[in-house]
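Visitor: With the hints as your guide, set chain D onto chain B.
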Amino acid sequence: MEWIILGVLGFWLVASALGAVFVRNPVHSILFFLSSVIAISALFLSLGAELLAGLQLIIYAVAIVVFYVLVITTIPWEKVKRFEGIYKRELALSLPVLLVSLLAMGYMVYKGGLAEPVNLVKDNVRDLGKTLFTSYLFPFEVASVILLVAMIGAILLGRKEE
Amino acid sequence: MPIEKAYIILSIALFLIGLLGVIIRKNLITVLVSTEIMLNGVNLSLVAVDSWLGKVDGQVFSLFVITVAAAEVAVGLGLVVAIFRLKGYEGSSELTHLRD
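Those protein sequence lines, which keep their order, are chains B and D. The first sequence: position 113 = 113 (my numbering), numbered continuously. The second sequence: position 13 = 13 (my numbering), numbered continuously.
Careful, some of the hints might be misleading.
Capping the alpha-carbon separation at 25 Å, the derived lysine-lysine pairs in BS3-like fashion look like this [unchecked claim]:
(1) 111/B - 5/D
(2) 87/D - 81/B
(3) 88/B - 26/D
(4) 55/D - 130/B
(5) 26/D - 81/B
(6) 5/D - 55/D
(7) 160/B - 87/D
(8) 55/D - 122/B
(9) 87/D - 26/D
(10) 55/D - 111/B
(11) 5/D - 122/B
Keep in mind the hints are simulated off the structure, nothing from the lab. Only a predicted model underlies this, so the values are computations on that prediction, with no experimental measurement involved.
Just chain D, same shape as in the assembly:
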């Protein structure tokens, strides 16, 4: 088995850990941290496949993923602070205004 397959399995595990965090955490800020873990897992698999193929296109894509992650953190944390300022809570179970 080439070592890149082990890297890909590791990145799948990292992505699923992040998904678990998105599902089970109560605090909105830690939900965003779990999203970052998912994006890191995707980056790891892109770079691993790139190292197997001997090209650099995956690393360019990984660069774009880092860019989108930075933008997502800026807007997401702005939303969390705005929700907290408007409503005074930030638990993911109490944001049910669209459902009710």
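Extracted from the complex, chain B is given alone in its bound form:
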């Protein structure tokens, strides 16, 4: 049963990611990206990470995708038309390299061993919160500073020059 879920969701995920990379129109590319975000959230649910599935939907599917669409609406559309699509020569050069590296890394993962399981998590959200606010308290505060700096930077970059 797990393998069927993984097969369906994995096919959906890879198909929508390939669509996001190869489709011409930027808005269609962002819609394909939204589809892949929903597939990843379903994969998180099937892996037992409920909190991250919810956060993935809230942050990616709502905040980031809406932000991309808003930025695209502010850019004049006829000037974007010149830069649609993909570079053909770079595609022909990079696709074999990436395929070979995918095969090599997949073979290594398939043949290699995994570490031994330590313990089983009963309540995902409770354990995650406890770990986040005890062992990882300092990185959590640093992440809040990163968000503040990014907000100030975005305001400074988006301001009109006078």
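Guide: Showing chain D alone in chain B's frame:
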């Protein structure tokens, strides 16, 4: 083969698809979308290994990756809009001022 290995292979494939998008796309906004796909692949592998080990540290890291992704989108899209306002184009092949 445990199912987590299949998840890890899937996440490697997702990361390489995103890398392909960063290499071949012409539009700067879709280059940023491909970067998001790469970050999602990293998140997927972290959560898969976490589910195998039965711990929550990978999910905490995945939370930080989502935070950095949000910050990166804010600053990156601000840069794209600033480039477009200054120069009037946004193709990745015409941004060669540092090279020339």
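Visitor: Hint by hint, note whether the structure agrees.
Guide: Here's how the hints hold up against the structure:
no.: 1; hint: 111/B - 5/D; verdict: holds (10 Å)
no.: 2; hint: 87/D - 81/B; verdict: holds (16 Å)
no.: 3; hint: 88/B - 26/D; verdict: holds (10 Å)
no.: 4; hint: 55/D - 130/B; verdict: holds (12 Å)
no.: 5; hint: 26/D - 81/B; verdict: holds (11 Å)
no.: 6; hint: 5/D - 55/D; verdict: holds (17 Å)
no.: 7; hint: 160/B - 87/D; verdict: holds (14 Å)
no.: 8; hint: 55/D - 122/B; verdict: holds (10 Å)
no.: 9; hint: 87/D - 26/D; verdict: holds (16 Å)
no.: 10; hint: 55/D - 111/B; verdict: holds (23 Å)
no.: 11; hint: 5/D - 122/B; verdict: holds (22 Å)
The structure meets every hint from the earlier list without exception.
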